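There are 2 protein chains.
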Amino acid sequence: MTTRNDCLGRDAQDPLAALRDQFDLPDHVIYLDGNSLGARPKAALARAQHVIAQEWGHDLIRSWNSAGWFDLPKRLGNRLAPLIGGADGEVVITDTTSVNLFKALAAALHMQAGDPARSGRRVIVTERSNFPTDIYMAQGLSGWLERGYSVQLVDSVDELPAAIGADTAVVLLTHVNYRTGYQHDMRATSALAHAAGALIVWDLAHSAGAVPVDLNADGADLAVGCTYKYLNGGPGAPAFIWVPRRHQERFRQPLSGWWGHAAPFAMAPDFAPTDGIGRALCGTQPVVSLAMVECGLEVFGQTSMAAIRAKSLALTDLFIELVEQRCAAHPLGLVTPREHARRGSQVSFTHPHGYAVMSALIARGVIGDYREPAIMRFGFTPLYTSYADVWDAVEILRDILGRKDYNVDAKRDAVT
Amino acid sequence: MTTRNDCLGRDAQDPLAALRDQFDLPDHVIYLDGNSLGARPKAALARAQHVIAQEWGHDLIRSWNSAGWFDLPKRLGNRLAPLIGGADGEVVITDTTSVNLFKALAAALHMQAGDPARSGRRVIVTERSNFPTDIYMAQGLSGWLERGYSVQLVDSVDELPAAIGADTAVVLLTHVNYRTGYQHDMRATSALAHAAGALIVWDLAHSAGAVPVDLNADGADLAVGCTYKYLNGGPGAPAFIWVPRRHQERFRQPLSGWWGHAAPFAMAPDFAPTDGIGRALCGTQPVVSLAMVECGLEVFGQTSMAAIRAKSLALTDLFIELVEQRCAAHPLGLVTPREHARRGSQVSFTHPHGYAVMSALIARGVIGDYREPAIMRFGFTPLYTSYADVWDAVEILRDILGRKDYNVDAKRDAVT
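So the sequence lines, in the order shown, correspond to chains G and E.
The end of the first sequence is residue 416 by full-length UniProt numbering, with every number in the run present.
The end of the second sequence is residue 416 by full-length UniProt numbering, with every number in the run present.
I should point out that these hints are in silico values taken from the structure, not numbers from a laboratory.
Values in this document were obtained by computation on a predicted structure and should not be read as measured data.
Hints may be right or wrong, so weigh each one.
Identical copies carry no separate label here, and so any pair may be met within one copy or between two of them.
To be verified - Each computed SDA-like pair below joins lysine to any residue, with the alpha-carbon atoms no more than 20 Å apart: (1) Lys404 with Cys327; (2) Lys42 with Ala53; (3) Lys404 with Gly9; (4) Lys404 with Ala87; (5) Lys42 with Asp59; (6) Lys42 with Arg62; (7) Lys42 with Asp27; (8) Lys74 with Ala272; (9) Lys404 with Ala363; (10) Lys42 with Gly68; (11) Lys42 with Asp24.
Let the hints inform the model, and build the full structure from the sequences given.
As structure tokens, this is what we get:
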């Protein structure tokens with residue numbers, strides 16, 4: 001049986017342990033919600049202060065050039081690219097995940113419409129269990145095109161092969177499910193889509209910085225994702241979009257703002273897309289929030305996704321093992337796959353009073369979150385979570401469940 | 001003839017003079033580019049520090065509720081609304097001006113398509129001199145709808161009455177032109193559009209915080225705008241969109257993300273728009289950049305748009321008068337209307353070497369900017385610009401022109 005001392009021993013051997021020091025985490029908190037909002041890199045405060053006081057306050061308008069504000073979406077995109085298997089010039093950090101998804105889906109439909117062999121395809125296939133905004137954006141786009149596009153929802157991964165067919169224009173999947181932590185096989189599913197003549201768009205919201213991703217090697221067509229979860233970019237920090245070089249020339253999207261123009265300051269009255277990844281840009285970006293994204297990426301520069309993945313699996317394995325051993329008397333149901341290849345960096349358990357139990361955990365300093373129906377989510381972020389944290393979190397959970405120390409009538413707050 | 005002492009006398013009588021103290025402006029700079037990037041309210045630094053250190057770093061995910069992050073777009077929208085003649089619950093601060101323009105145009109086309117008497121209208125009328133991104137977004141939207149929509153560009157204000165006709169679905173105008181400072185008559189032009197059965201969308205990028213705007217009283221249908229110019233919200237701060245109550249029920253837009261859903265945390269697989277202004281929202285917003293917008297709005301809460309307008313006209317009148325008197329020997333051409341009602345809060349002059357002269361001005365600490373062709377822009381922001389600043393700026397301009405102290409081969413940087 002694993003003991004707390006075993007956990008302390010593993011922490012002492014952990015090659016990532018020192019990175020925790022680069023994050024500002026409150027005392028008496030075990031933070032298992034980095035899958036929703038990543039913790040704050042200490043460097044982010046000084047970075048923001050510099051941008052606000054010096055670049056904005058002192059240098060004013062000149063900072064668009066002198067501080068490189070114009071280049072931030074591309075420069076930071078290049079820093080992020082290696083974490084997801086993208087190349088230089090294939091990623092920009094900009095706008096929101098929802099807006100980028102709209103661009104990606106629109107561009108994918110446009111590519112298909114431009115291919116005579118595929119121009120009749122009118123269906124976007126996705127999962128009913130996908131994060132709702134992905135479905136909503138697909139519905140918004142397809143409804144507005146009014147050329148008979150529709151969104152088809154499949155109820156399980158097993159139904160995907162049958163659902164992807166001759167009428168499928170685009171397959172839209174979130175690589176790691178926000179609720180269950182299920183991880184798709186990107187290579188196999190991309191191949192499945194391609195074999196049927198479809199393109200595939202991946203949402204990496206719960207993947208980037210969480211699990212190794214190799215977009216180019218695995219044959220993805222387009223991808224979007226989030227910087228404020230595992231990448232620790234700050235609350236609501238701008239999202240990213242990846243367009244591989246092989247698709248850039250055909251990439252067109254309707255949010256054709258001046259930042260995507262070939263000559264934004266020529267002030268010409270007709271839109272002409274710039275070459276390369278810049279055509280995924282639209283309007284002026286929130287510089288302070290955007291600049292802080294770099295502080296999160298800098299931490300990743302000190303390790304590797306392989307090292308992060310190894311620890312992530314060790315932490316999630318340990319959590320599953322300890323919960324199943326030490327809370328065996330309680331009605332907890334594991335939702336997340338045991339198989340490593342199918343698991344993201346979170347563990348979800350159901351409990352009949354999941355919301356109440358999670359509220360009690362949060363009150364005791366173990367911060368996870370809750371998702372309908374009855375699911376408690378625990379995110380494990382190897383950059384700042386220790387093995388002892390896992391032990392302590394399970395002990396507090398065991399204590400709460402054993403004493404039924406939770407309020408089943410707890411008022412429900414929204415938690416993102 | 002006006003003297004510098006006269007200017008100092010006017011500063012001594014200026015009821016807004018004390019507000020300058022709330023801004024951080026560098027020494028030895030006369031900042032006449034608040035029409036592009038507003039100066040920094042001193043309070044913005046502490047606000048950002050609090051959001052980053054306390055709300056993000058310490059309170060973490062809980063801040064979505066406890067710090068009111070979810071409500072920021074609406075709460076700050078309500079603070080902005082009085083400055084533009086909007087009511088409570090009619091404005092949100094979110095996304096970029098370009099993205100909001102896409103939503104507004106799409107919604108306006110949708111409203112027209114839903115009216116049997118107007119459903120055949122297929123033209124968006126705007127000005128060739130409009131800010132390019134407005135034209136590009138209209139082109140992007142109309143091109144993607146592929147139901148025969150098109151964008152018609154008029155070459156002058158005088159052509160608008162003839163251009164707006166039975167095929168016009170929407171008129172899209174920027175209230176104050178970014179280049180010339182020309183201000184449209186919002187009431188008359190809105191009435192002109194309505195008389196022809198069209199809807200009108202106003203871009204307030206150079207109006208909000210610069211000139212009095214009364215959207216509801218003047219019959220506007222929809223509006224968007226920018227918070228980082230005259231509103232001093234910070235570089236690239238999120239933009240705003242106004243949807244009057246009378247249009248909210250029919251307001252539909254294709255960027256249907258989860259923040260616009262009636263029950264975002266129910267995680268239902270079908271999009272259902274929330275009631276009210278919330279349906280103009282899409283995805284998660286950049287909290288730090290968004291929160292700082294409030295610091296700019298707080299300064300406006302200490303005065304009135306009437307007082308700001310009075311000083312703005314006095315400053316721009318003075319600048320025109322002094323340039324025409326003291327630089328009369330030089331080939332400067334006034335582009336901005338002399339008529340108060342047609343003038344925004346900037347003054348533009350052409351000069352054959354406009355770019356070089358502006359570069360020389362900036363090197364001497366007088367920061368304006370340049371726009372093709374040959375236009376030097378000078379923005380006047382009554383919250384932090386003094387009459388003596390105007391005098392001193394003109395003296396430096398006179399000195400540069402008199403000594404031809406500018407480099408006609410100056411390398412051109414992009415300046416937003």
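Hints and how they fare:
| no. | hint | result |
| --- | --- | --- |
| 1 | Lys404 with Cys327 | within (12 Å within a copy, 83 Å between copies) |
| 2 | Lys42 with Ala53 | both (18 Å within a copy, 9 Å between copies) |
| 3 | Lys404 with Gly9 | neither (31 Å within a copy, 74 Å between copies) |
| 4 | Lys404 with Ala87 | neither (51 Å within a copy, 48 Å between copies) |
| 5 | Lys42 with Asp59 | between (24 Å within a copy, 15 Å between copies) |
| 6 | Lys42 with Arg62 | between (27 Å within a copy, 19 Å between copies) |
| 7 | Lys42 with Asp27 | within (15 Å within a copy, 31 Å between copies) |
| 8 | Lys74 with Ala272 | within (19 Å within a copy, 35 Å between copies) |
| 9 | Lys404 with Ala363 | within (14 Å within a copy, 70 Å between copies) |
| 10 | Lys42 with Gly68 | neither (22 Å within a copy, 23 Å between copies) |
| 11 | Lys42 with Asp24 | within (5 Å within a copy, 25 Å between copies) |
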